[in-house]
Amino acid sequence: MRDPELYEGLDVEMDERLARFARSTRHPALPDAVAELPWAVQLNQRRTSRSGFLSGLGDGWSGFRRATFGLARLGATLAVAGSLLLLLGNVHTGGTAAAVIRPLPSVHPSGAVAAPGAPEVVVVPTSGIVDDVMADHVAGAIRRAESDGAAAVIIQLDTPGGSLAAMQRIVESLSAKVPTIVWVGPPGAKAASAGTFITLAANLAYMAPQTNIGAASPVASNGQDISATYGQTEADKVMSDAVKSITAIAQDRHPEAVAWAVTTVANAQSYSAEEAVAAKGINGEAATLDDVLNAADGQTVTTSAGQVVVHTKGASVVTINEDAIQAMLHTLDDPDIAFILLVMGVLLIGVEFFHPTLLVGMLGALCLALSFYGSGSLPLNVLGVVLVVLGLAMIVLEANVPSHGVFTIAGIGIFVVGGVAFYGSPGPYLPSAAVAWPIIGLCAVGAAAYGLLLVGTLLRMRRMPMPVGAGLVGTDSVVGGVGLVQADLSPVGTVYVGRESWSAKTKDGSSLSRDAKVRIIGQDGLTLIVEKVD
Amino acid sequence: MFAKEAYLGTEILRAPVQPAIVRDRAFDPVFAASLEAELAMAYRLAGYLLADSAEAQDAVQEASVRAWRGWPRLREQEKFHAWFSQILVNVCRTRLSQRSKRRTLDIEDVDLESGDPFRASLARDAIGRALSCLSKELRMVVVLRYWGELSLAEIADRLKIPVGTVKSRHHAALQAMRRRIDPVERGI
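In the order they appear, the protein sequences are chains B and R. Its first residue numbered 1, the first sequence is counted upward by one per residue in the numbering used here. Its first residue numbered 1001, the second sequence is counted upward by one per residue in the numbering used here.
Isolated chain B (complex conformation):
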C-alpha cells in the first residue's frame, strides 16, 4: 500500500493520524433504508413506458431491436396490403383470375321495346377519368356486342382525360368487327385530353350541343408545362408522340380534319360541337341517344371486318353498366378521393409507428395503395405529394417531439401548399385536376384543432404537480403535507412525511428540534423545504 515515491515529502504523522481516525469511524450503523436498497431498487424500478419507433431509437441495443422489429412489421403490413391490391388490380385488368372472378356485365334493356327482329344496339355509358377500369368496361362491352351480333356499339363519353395506356386500349378496342359510335353527351359533357383521341378513333362520332372536345387545360404550344414536370426533351417527345398519334387517328376519319385535330393537342385548343362538325372532326350533332341512332342509320363505315352499312333505326337498346367492382375502382380516380386516401393512409401509418397495432397499419397501407392506384390516371405532382406527407409527418411528430406548436403550424403550412400543388400539369392525355379547396381547408382546420388541443393539454399538464421524488419514496407529491421532524433541522435534517424519511431544510434557516410538526411548502431536488406549524 505504501509507495515510497508517492509518500515522499508527505506529512507522515498527519497521514497516520488520519488513517487512525478513519479506522475508528469506519462503521456507522447502516440505516434500514440503505440496507434494503438491493431489493427495493429492483422491485420499484419503473417500467420504461417508452414505446413506438422513434423513442425506441434512443434506447440503446434493446431500443434498436424494438425499432427493427417495428420496421419489419410495418414492412410486412405494407407487403400484405400491396399483394391485396395486386390481386384486386389483377381481377379487373383482365389477368388470368379475371375471367373467373369478374361478374358479368349487368344488362339493362331500355324502356323502348323494339319490334321483333329489329337490330340491337349496345350502349356503354362512361364518365370520369379514362383509366383501366373504363378500358375494361368498353372492351368487354364491345366483345359482347360482337358475339351478340349487335348492329352497333355506342360509347357515351364524358371525360376530362386520363392515362395514356388506358386510352390506347380503348382506341384499339374501338376498331372492332361491330361499328363503333362515340357520342359525347348529354349536353354539358366534354371529351377532353384523352377523350378527344377516343372520340376521333370511333367509326362515327357525334356530340351533343353545348359539349366540348379538345385539351382540358391550356398547355403552352412549346410544351412549357410538361417541360416543367418532365424536362424539355421528355416534353418534346411526349408532345410529338401525341401529335403523331392524333394525326394517324384523324387521317382515318377525314383528311381535312387532321390540321384541326392537331391543334387540340399542340395548341391545347378546345372546340364546341358546331366547330368540330365544321372541321369535319365529327359526323354531326346529336342531342339525344335517339338522335344518334337516327343520324347513324344508313352510314357506311369501315370496321375490321370490312365495309358495313349501319342499321340503327328503331333498334332495341341494351345498356351495359359498370359492375360493382369496376364502379368502386373507378371512383378511386377522383382527384379528391385519391387525396383523402393519401392523407388517411399517412395518418394511419403515423399512428402505427407510435402505437403498433397491425390492423391500423394495414388499413393505412391499404389507403395509401388505393390512393396511388387511383392517382395513376391523374397528373400527380411528386413535389406536392412529398409536401403533403412531410406536413402530415410534422403534425404527427408534434406529439412526440414537443415543439410548442411550431411543428403543427409549419406542418399545416406545408400541407396546404402540398395540397394545392398535389396535381400538376396534365399534358396531352391526363385530365386537369385539382384538390377541392374545401377539402384542403377542412384537413388544415382539423390539424390545427388537433394541434391546439395537444399543445393546450401539454401546457395544462405541465402546470400540474408532478409525481416528485417518487420511486422509492412514494409516487405522490408530499408538498402540502404535514410531517414530523426526525433528525433536528439545523436548518438541514430529516423529516418523516408520507411514510418516508426525507432530507429537509427550513425555509427561513431556523432550527427545529425532533418531533416538531412541519408543513412541506416546497421541494428542491430530493430536499424538502418546510416551515413550522403549531
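For the record, the hints were derived by calculation from the structure and aren't laboratory data. You may find that some hints are simply not true.
Unchecked claim - Coverage of chain B stretches by chain R, computed from C-beta distances (three or more under 8 Å per stretch; other residues unrestricted):
hint, segment
1, 20-29
2, 482-495
As the list claims (entries may be wrong) - With a Cα cut of at most 25 Å, we get these calculated DMTMM-like pairs of lysine to aspartate or glutamate:
hint, chain 1, residue 1, chain 2, residue 2
3, R, K1136, B, D524
4, R, K1160, R, E1149
5, B, K313, B, D291
6, R, K1136, B, D15
7, B, K177, B, D291
8, R, K1160, R, E1078
9, B, K313, B, D297
10, B, K237, B, D252
11, B, K177, B, D290
12, R, K1136, B, E16
13, B, K280, B, E256
14, B, K313, B, D336
15, B, K280, B, E172
16, R, K1136, R, E1149
17, R, K1136, B, D11
18, R, K1136, B, E13
19, B, K532, B, D508
20, B, K517, B, D32
21, R, K1160, B, D15
22, B, K517, B, E531
23, R, K1079, B, E36
Ideal Cβ positions, reconstructed from N, Cα and C, are used throughout, including at glycine.
Here the structure of chain B is known, so what remains is to put chain R in place on it, guided by the hints.
Positioned in the frame of chain B, the structure of chain R alone reads:
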C-alpha cells in the same frame, strides 16, 4: 392520444428517481448480492463526502437506482465494485457542487447532539473538524484515500484526474489540515 405519453416521457426522465409503477425486469439475485456487498462502504464514503447522513442515504439510493438501470449494460460483473464506486463518487460530486451553490455548512457550527453520525464523528476530533474545513476537491481525495482505502491510482480513476494531481492534492490536504490543527493543539 400522444399527449400523455409524450409529457410523461420527457418529464419523468428529468426527475432524479422515477416513480414505482411496474416491475420491469426479473429480480436479479446477483445484482442484489453485488450491491449488498458495496452498501457499507458506499454509505460510509457518501457520509464523509457529504457530511450528512440523510443526504448520504439519498446519494446511495440514487447511485443504486442508476446501477440497477445500467446493470444490463455492465459487461463484466466482477468489476461491479469499481463501477459502482465510480457511480457513487459521481453522484456525490454532483450533490457537493449543487450544494455549494445553495448553502454552506460548516461542521464546527453543528453541535454534537444533532444525531447525525457523520457530523458527530467529524466534530468529535480535531482531525475531523480540520477535514471538514477542506475544499471540496481536497476533501474528496482524503475521504477516498482513508475511508475508501483506495490507492492513489484508484482515486485518480474514480475522479477522472491524473495521478499526479491526486498526489499533489493529497499533500496539499494534509498540509492544510496541519496548518489548521497545529495552532489548536499548541493552544491546548
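Going down the list of hints, with the structure as the test:
1. Beta-carbon proximity to chain R at under 8 Å applies to 7 residues in the segment 20-29 of chain B; the threshold of 3 is reached and the given coverage holds.
2. Note: the segment 482-495 of chain B has 6 residues with beta-carbon separation from chain R under 8 Å; the three-residue rule is met and the coverage holds.
3. At most 25 Å may separate the alpha-carbon atoms for a hinted pair to count; K1136 (chain R) and D524 (chain B) meet this at roughly 21 Å.
4. Proposed proximity of K1160 (chain R) and E1149 (chain R) is supported: the alpha carbons are some 17 Å apart, at most 25 Å.
5. Our distance criterion of 25 Å between C-alpha atoms is met by K313 (chain B) and D291 (chain B), whose separation comes to about 10 Å.
6. Straight-line distance between C-alpha atoms of K1136 (chain R) and D15 (chain B) comes to about 19 Å, which keeps the hinted pair within the 25 Å bound.
7. At roughly 23 Å between alpha-carbon atoms, K177 (chain B) and D291 (chain B) fall within 25 Å of each other, so this suggested pair holds.
8. About 21 Å separates the Cα atoms of K1160 (chain R) and E1078 (chain R), which keeps this hinted pair within 25 Å; it holds.
9. The straight-line distance between the Cα atoms of K313 (chain B) and D297 (chain B) is roughly 6 Å, inside the 25 Å bound, and the hint therefore holds.
10. A threshold of 25 Å between alpha carbons decides the hint, and for K237 (chain B) with D252 (chain B) the separation of about 23 Å falls inside it, so the pair holds.
11. Of the pairs offered as hints, the one joining K177 (chain B) and D290 (chain B) holds, with about 23 Å between alpha carbons and a cut-off of 25 Å not exceeded.
12. A C-alpha spacing of about 22 Å is found between K1136 (chain R) and E16 (chain B), which places the hinted pair at or below 25 Å, so the restraint holds.
13. The hinted pair formed by K280 (chain B) and E256 (chain B) meets the criterion: a straight-line CA distance of about 7 Å does not exceed 25 Å.
14. The hinted pair formed by K313 (chain B) and D336 (chain B) fails the criterion: a straight-line CA distance of about 41 Å is larger than 25 Å.
15. Of the pairs offered as hints, the one joining K280 (chain B) and E172 (chain B) holds, with about 22 Å between alpha carbons and a cut-off of 25 Å not exceeded.
16. Restraint check: the Cα-Cα separation between K1136 (chain R) and E1149 (chain R) comes to about 18 Å, which is no more than 25 Å; the hinted pair holds.
17. For the given pair, K1136 (chain R) sits about 20 Å from D11 (chain B) by alpha-carbon distance, which is consistent with the 25 Å threshold.
18. For the suggested pair K1136 (chain R) and E13 (chain B), the alpha carbons sit about 23 Å apart, so the restraint of at most 25 Å is met.
19. About 10 Å separates the Cα atoms of K532 (chain B) and D508 (chain B), which keeps this hinted pair within 25 Å; it holds.
20. At most 25 Å may separate the alpha-carbon atoms for a hinted pair to count; K517 (chain B) and D32 (chain B) meet this at roughly 23 Å.
21. Under the criterion of a C-alpha separation no larger than 25 Å, the hint pairing K1160 (chain R) with D15 (chain B) is consistent with the structure, at around 23 Å.
22. Between K517 (chain B) and E531 (chain B) the alpha-carbon distance is near 9 Å, which keeps this suggested pair within the 25 Å criterion.
23. About 22 Å separates the Cα atoms of K1079 (chain R) and E36 (chain B), which keeps this hinted pair within 25 Å; it holds.
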